[in-house]
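Dock chain B against the given chain A, drawing on the hints supplied.
Protein chains in written order, with our numbering: chain A, 1 to 389; chain B, 1 to 389.
By construction, these hints were calculated from the structure, which means they are not laboratory data. Keep in mind the model is a prediction, meaning the values are calculated, not measured. Misleading hints may appear alongside valid ones.
Put simply, identical chains are the same to the list, so a pair is met inside one copy or across any two.
To be verified - With a straight-line cut-off of 25 Å between C-alpha atoms, the simulated BS3-like cross-links for lysine-lysine are:
hint: 1; residue 1: K289; residue 2: K43
hint: 2; residue 1: K43; residue 2: K76
hint: 3; residue 1: K345; residue 2: K43
hint: 4; residue 1: K223; residue 2: K361
hint: 5; residue 1: K345; residue 2: K56
hint: 6; residue 1: K289; residue 2: K76
hint: 7; residue 1: K223; residue 2: K345
hint: 8; residue 1: K9; residue 2: K345
hint: 9; residue 1: K346; residue 2: K9
Number of protein chains: 2
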Amino acid sequence: MNTNFNLVKTNPEGSARAGELITAHGIVPTPVFLPVGTQATVKTLTPDEIRELGFKMILSNTYHLYLRPGIEILRKMGGLHRFMRWDGAILTDSGGYQVFSLSPLRKIDDSGVTFRSHIDGSAHFLTPELAVEYQEIIGSDVAMVLDECTPTGNNHENVLAAMRRTHAWAERCLKVHKRTDQVLFAIAQGGIFPELRRESAAYLASLDFPGYAIGGLCLGESKEVMLEMVSETLSALPPDKARYLMGVGSPEDIVEGVARGVDIFDCALPTRVARNGALFTWQGRRNIKNSVFSDMEAPIEPACDCYTCRNFSAAYLHHLFVAEELLAYRLATIHNLAFISSLMKKIRDSILDGTFASFRKNFLETYEPTNEETRINQKQKWLRAREIE
Amino acid sequence: MNTNFNLVKTNPEGSARAGELITAHGIVPTPVFLPVGTQATVKTLTPDEIRELGFKMILSNTYHLYLRPGIEILRKMGGLHRFMRWDGAILTDSGGYQVFSLSPLRKIDDSGVTFRSHIDGSAHFLTPELAVEYQEIIGSDVAMVLDECTPTGNNHENVLAAMRRTHAWAERCLKVHKRTDQVLFAIAQGGIFPELRRESAAYLASLDFPGYAIGGLCLGESKEVMLEMVSETLSALPPDKARYLMGVGSPEDIVEGVARGVDIFDCALPTRVARNGALFTWQGRRNIKNSVFSDMEAPIEPACDCYTCRNFSAAYLHHLFVAEELLAYRLATIHNLAFISSLMKKIRDSILDGTFASFRKNFLETYEPTNEETRINQKQKWLRAREIE
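Next up, chain A with everything else stripped away, as it sits in the complex (with noise of 0.2 Å):
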């Protein structure tokens, strides 16, 4: 399979780089973040705007798009960019992932997974071939293998397993896939053992698969732990293929990603804290319903020239979020993606003029991350929520 990735510009002082990712829905610029589109949108905008915002590419789940609209639906419809009417490139989620967060019950063996329905508790049977089956009829650029994952915790003998199931796997995703305008990616796992991380990574360098995933974290772990656990991912990849940081978004989390030498990230979180009133600004995270925004007639980041920016006052969108007003999760979620696309389009212009070690330290100095201990119980609240359902 041809190589889909060119590297264009490491930068001199370390492990980021600039690159390209060649698509069959145009080229897209990497470091790249990719908006969440769940169910086939990304949650409450149009795609016109994903387009403005100078996204190029988006993330779909395989797992949701299977459960509704179905996958009969969207081969009937001519496959997700005609359905979404999105004609950038996507990346689909294979599905691995989201059967161990939202199923409430699973049963794993080396054929596939057994998962209900999150929606209506129905029962359904997944295996590899059918995770690329699925994802040859939604048609998406970049198609994962199915992978198995393990919550932050378990023990080695249980990473292990689920990493060598997910490599048996990746070789029998790599055996069936045929679709020529889509390229398949494979996923390491090793959980938080250093050791499984570089064994998972090596494995699967040696499929030759067209780029990998660094699947399993942001799960609980604290964050140096997970900065480990991609540089030691890392270290086992060719340095010519793609490398994707799956799930993880946060502003800090990119650019410190990008600093270990990632060039993919897909999150929900940029999207899913605007609905709930928090919007980054260069000094953090601010939470818009706090009542020091009611009378404020300055946008809530002077510095962002956004729609929502250059329109509304923080008063506006306080007053918005109070009366739970739906515009006010659209306006929200265009900020927050616009300052992510900035963010992107600053550490790779950074990195193609040699510039990037400084514009990390900067950035890493201003911009003050959420308390991480609020961040991690948030996770486990939510994987802790989904199991109980």
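Just chain B, lined up with the frame of chain A:
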């Protein structure tokens, strides 16, 4: 006070009329429908979208704005136009109807009305003079007098008393109204008693307001009675002043209201039913959640050229509604408002070229109104729910 209404043409075969409402924020061709922006936003849409849909005037509610964001915030922000970034015209209702329909407990005497906030139960006092003062701070182009609504089914004695109080309050409002870039409309009441409707219109006409509204309708009475009350009221209003039928706005009611001589309509119905998945077509409303739409490649109304119909299949809209995606509510709102905008243009064009009678006949032959029982039951259920709250 100068008139703010130019009568351009009256239909030779009946009472339908085309005109122009002159406001401080532009000329508004009539008959006109005002999208409802209760809380300083037409739900789900930006001001740019409202303008692109062809609307030059919207409605907002003093009652809601008084509670949130509050009159002091609006004063600080330079009025409602600036706060919500809408440079078209705005009409504000006074709060009379909302106190009647939304406040769980209220006490009315000649001095004014004590009511409880539907949000937090706090007690507030509203007088005719305060209603004018608040609307002057809000800065709407058309303000409404404070009136007293009576529920359908109330006896003659109570309706008469409320009507007389409404008249006295109208005089008090007129006396204190100062803003010269804002006009004040009176509201005729009279319940479902023809002679009271005529008396109310005639009395208010004698006070020489720049425009007149017909209030207290669409509250559970049948469509026939509603239209009869409209005719009775209009028979006693001066033809050279604007006439506004409050809270009425289904497609069939608009056509029938125009036929009787109404110039201005407002109603939450087109936007509210849109969020429930009921989309207008020239044959009547369609429920997009119905499974017949799950694989329909065509838009919901092929004859519609709105953003939603130009870009998205009925199948995609169906999916968004089933998946409860926020984009659903926005795309549906755009469609329903585009439909009403198009309806108003067809109505006005047909009045101008003398073909309104045949337009009306054709429209009513092809457009199947939503079952009236359902309509009335829904409204009564809603009003009862508010009473209990």
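Okay, the hints, checked on the actual structure:
1. Both within a single protomer and between protomers do K289 and K43 lie at most 25 Å apart by alpha-carbon distance, with minima of 20 Å and 19 Å respectively.
2. In this assembly of identical chains, K43 and K76 lie within 25 Å of each other by CA distance solely inside one copy; the values are 24 Å within and 33 Å between copies.
3. For the identical chains of this complex, K345 and K43 are intra-copy neighbours only, at 23 Å inside a copy versus 33 Å across copies, given an alpha-carbon limit of 25 Å.
4. For a Cα distance limit of 25 Å, the shortest separation of K223 from K361 inside one copy, 17 Å, qualifies, whereas the shortest one across copies, 69 Å, does not.
5. Taking the shortest Cα distances, K345 and K56 sit within 25 Å of each other inside one copy (13 Å), while across copies they are farther apart (38 Å).
6. Within a single copy, K289 and K76 get their C-alpha atoms only as close as 43 Å, which misses the 25 Å cut-off; across copies the closest is 19 Å, which meets it.
7. For the identical chains of this complex, K223 and K345 are intra-copy neighbours only, at 24 Å inside a copy versus 59 Å across copies, given an alpha-carbon limit of 25 Å.
8. Taking the shortest alpha-carbon separations for K9 and K345, only the intra-copy value of 15 Å comes in at or below 25 Å, while the best inter-copy value is 57 Å.
9. For the homomeric pair K346 and K9, the shortest alpha-carbon distance inside one copy (15 Å) is at most 25 Å, but the shortest distance between copies (59 Å) is not.
Consistency note: the structure conflicts with none of the earlier hints.
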